[in-house]
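Place chain B on chain A using the hints.
If you read the sequences in order, they're chains A and B.
According to the numbering used here, the first sequence is numbered sequentially starting from 680.
According to the numbering used here, the second sequence is numbered sequentially starting from 680.
Watch out, some of these pointers could steer you wrong.
Where chains are identical, the list cannot tell them apart; a pair therefore holds if satisfied intra-copy or between any two copies.
[As the list claims (entries may be wrong)] Below, computed lysine-lysine pairings styled on DSSO-like, alpha-carbon distance capped at 30 Å: (1) K953 <-> K940; (2) K1013 <-> K882; (3) K942 <-> K931; (4) K931 <-> K949; (5) K832 <-> K875; (6) K685 <-> K759; (7) K869 <-> K759; (8) K942 <-> K953; (9) K993 <-> K901; (10) K997 <-> K685; (11) K727 <-> K1008; (12) K942 <-> K699; (13) K875 <-> K754; (14) K940 <-> K963.
It should be emphasised that the hints constitute simulated quantities derived from the structure, not laboratory data.
There are 2 protein chains.
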Amino acid sequence: MRQEMKRIAIDAMGGENAPKAIVDAVLKAKAELPEDQFILFGDEAQLKELLPQDDPQIEIVATTEVILDEDEPVKAMRSKKNSSMVVAANWVKEGKADALLSLGNTGALLSCGIFIIGRIKGVARPGLMPTMPVQSSDDGFNIIDVGANATSKPEYLVQWAEMAAYYAEKVRNVRNPRVALLNNGAEYDKGDDLHKAVYQLLKDSKLNFTGNIEGHELLTGKADVVVTDGFTGNAVLKSIEGTASVIIHLLKDGLLNNGVKAKLGALLAKDALKTVASRFDTAKYGGAVLLGVNSPVVKQHGRSDARAVYYAVKQIDKILTEDLISAFKAEFSK
Amino acid sequence: MRQEMKRIAIDAMGGENAPKAIVDAVLKAKAELPEDQFILFGDEAQLKELLPQDDPQIEIVATTEVILDEDEPVKAMRSKKNSSMVVAANWVKEGKADALLSLGNTGALLSCGIFIIGRIKGVARPGLMPTMPVQSSDDGFNIIDVGANATSKPEYLVQWAEMAAYYAEKVRNVRNPRVALLNNGAEYDKGDDLHKAVYQLLKDSKLNFTGNIEGHELLTGKADVVVTDGFTGNAVLKSIEGTASVIIHLLKDGLLNNGVKAKLGALLAKDALKTVASRFDTAKYGGAVLLGVNSPVVKQHGRSDARAVYYAVKQIDKILTEDLISAFKAEFSK
Chain A
680 MRQEMKRIAI
690 DAMGGENAPK
700 AIVDAVLKAK
710 AELPEDQFIL
720 FGDEAQLKEL
730 LPQDDPQIEI
740 VATTEVILDE
750 DEPVKAMRSK
760 KNSSMVVAAN
770 WVKEGKADAL
780 LSLGNTGALL
790 SCGIFIIGRI
800 KGVARPGLMP
810 TMPVQSSDDG
820 FNIIDVGANA
830 TSKPEYLVQW
840 AEMAAYYAEK
850 VRNVRNPRVA
860 LLNNGAEYDK
870 GDDLHKAVYQ
880 LLKDSKLNFT
890 GNIEGHELLT
900 GKADVVVTDG
910 FTGNAVLKSI
920 EGTASVIIHL
930 LKDGLLNNGV
940 KAKLGALLAK
950 DALKTVASRF
960 DTAKYGGAVL
970 LGVNSPVVKQ
980 HGRSDARAVY
990 YAVKQIDKIL
1000 TEDLISAFKA
1010 EFSK
Chain B
680 MRQEMKRIAI
690 DAMGGENAPK
700 AIVDAVLKAK
710 AELPEDQFIL
720 FGDEAQLKEL
730 LPQDDPQIEI
740 VATTEVILDE
750 DEPVKAMRSK
760 KNSSMVVAAN
770 WVKEGKADAL
780 LSLGNTGALL
790 SCGIFIIGRI
800 KGVARPGLMP
810 TMPVQSSDDG
820 FNIIDVGANA
830 TSKPEYLVQW
840 AEMAAYYAEK
850 VRNVRNPRVA
860 LLNNGAEYDK
870 GDDLHKAVYQ
880 LLKDSKLNFT
890 GNIEGHELLT
900 GKADVVVTDG
910 FTGNAVLKSI
920 EGTASVIIHL
930 LKDGLLNNGV
940 KAKLGALLAK
950 DALKTVASRF
960 DTAKYGGAVL
970 LGVNSPVVKQ
980 HGRSDARAVY
990 YAVKQIDKIL
1000 TEDLISAFKA
1010 EFSK
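Chain A on its own, in the form it takes in the complex:
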């Protein structure tokens, strides 16, 4: 636990609803987090118009460039030196801020995390970890890595599992989190060489390893932490999001275009549909965390509204309060 002021660097220009949604989120969060400092990086004129004057909790750092979603990540990080994201990352690197939040280009943010803020000594590869919903409760589960790495080695996955389990315990308050390995079958000898090796390493670790988990079990709540290689994790995360989106789209379409009877039905079924939507609402878990770098880096969805950004700010405050980075540094520099 740390007591001093927490300074959160926020890329105010990333995402579809920037900077309005981001400013609104900060204004909502700051009252609840009186010991936090919010440093907003972005277009000075736009930010000044949205923010109250002389708020002691809020600082604006004027930047002149924005990294776009279509920009090539590493190239953008290197060439757009005065972009809101890169300047914010540099503030974190220089110790002028303690954590970084962005809704912008995921690849560029990963690059800023890995190349500017830097890997924790002893961590082989940082991994990206969102919190996903489960069917029967609001607990959710963590899955790591979902795409920071195209190629993975056994030792990476074990470190990801350790960091994610620690996160689940400290930030999500899950006691003795159940850790599972995403694999193509339940038995210990399933998978390719990578996953067979990881199974053994996790089995021999101090983690509460519960064995393999298969794709269809992910949302059932069978595990609190799922570890996977970055290639498979990326495909699985996007497939889950894509499937949920297609089904909800079809459902809305069917309800709206099937005449008066269906429209009436939809009105009446509204509460039930809301329950489903709320279970699949991942905004409440905050954003995806890049674990294994020297300061917390959180990526929230580009289409996030103020509410989603607010949860990401609260999430970062909790990560800083529990001082995860110091724990990781102590663990991996051994």
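Okay, now just chain B, sitting in the frame of chain A:
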């Protein structure tokens, strides 16, 4: 195109609804397929009770064992020599039947396909290929491999793409099918070494290669054939099925447990929900085909009803009519 009689070997004991659903499906299909012969392998007494006597299109082959879902695949194939699945596979191998259908243990069926029926000469590795639904039409798309191989090499994926594209064209009547590679980004240089190599090989092939596809785009109908390594494909297929199942479960739950208002809403919204369910009904596409073995081997879901089995029978008839195996043999033995 082939003209002679088509003899379909059917494992009548596999799946939750065996043998009743399987017999019902055969009885429905046989009238529409007068030149097909159905050879049912299973418990003689049970089958005789369900089947009409002396039907010239139907033959029963008595077997005494059944491979269970919990059996270890290769071991079961080797030890349960008188099981409905193994005897049926041997009939195909010996030329007494032209194709194999089972609802049983997937791993065991893959083993029967690969080790008993055998690889086509020149095919490096057979791949398992289901047809999945797309959002905006009833066309669906094929995805290969979804789990016959835990480890994949570039040349496997290219052969799978070639076989799947041929299937899409001949069996699903898709003209010049669009072939895409499941990857972790849109650009040509995305992915690990395997997927980068496959991208180049597909680009240089005669296939209508449209580039990379990401997990969230799979159900959008952007591609007719998606090629992927067997490990990722397995995780993605199961994730899609799991997500759809969880959402539909939550929805039904919400509609039934939210009181009278929701129940009334559900009744009225029924047609709309049916539209969604029908779009996600994969039974109409038949089962998953093991491509690259010497005769068509089709796996239909273990929980299939008679209607799903009926579609798998029709699918096999079409595969035999279009003589896919001869085309593959000619192509890969070059």
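> What hint numbers does the structure not satisfy?
Replying inline: Result: hints 11 and 12 break, sorted rising.
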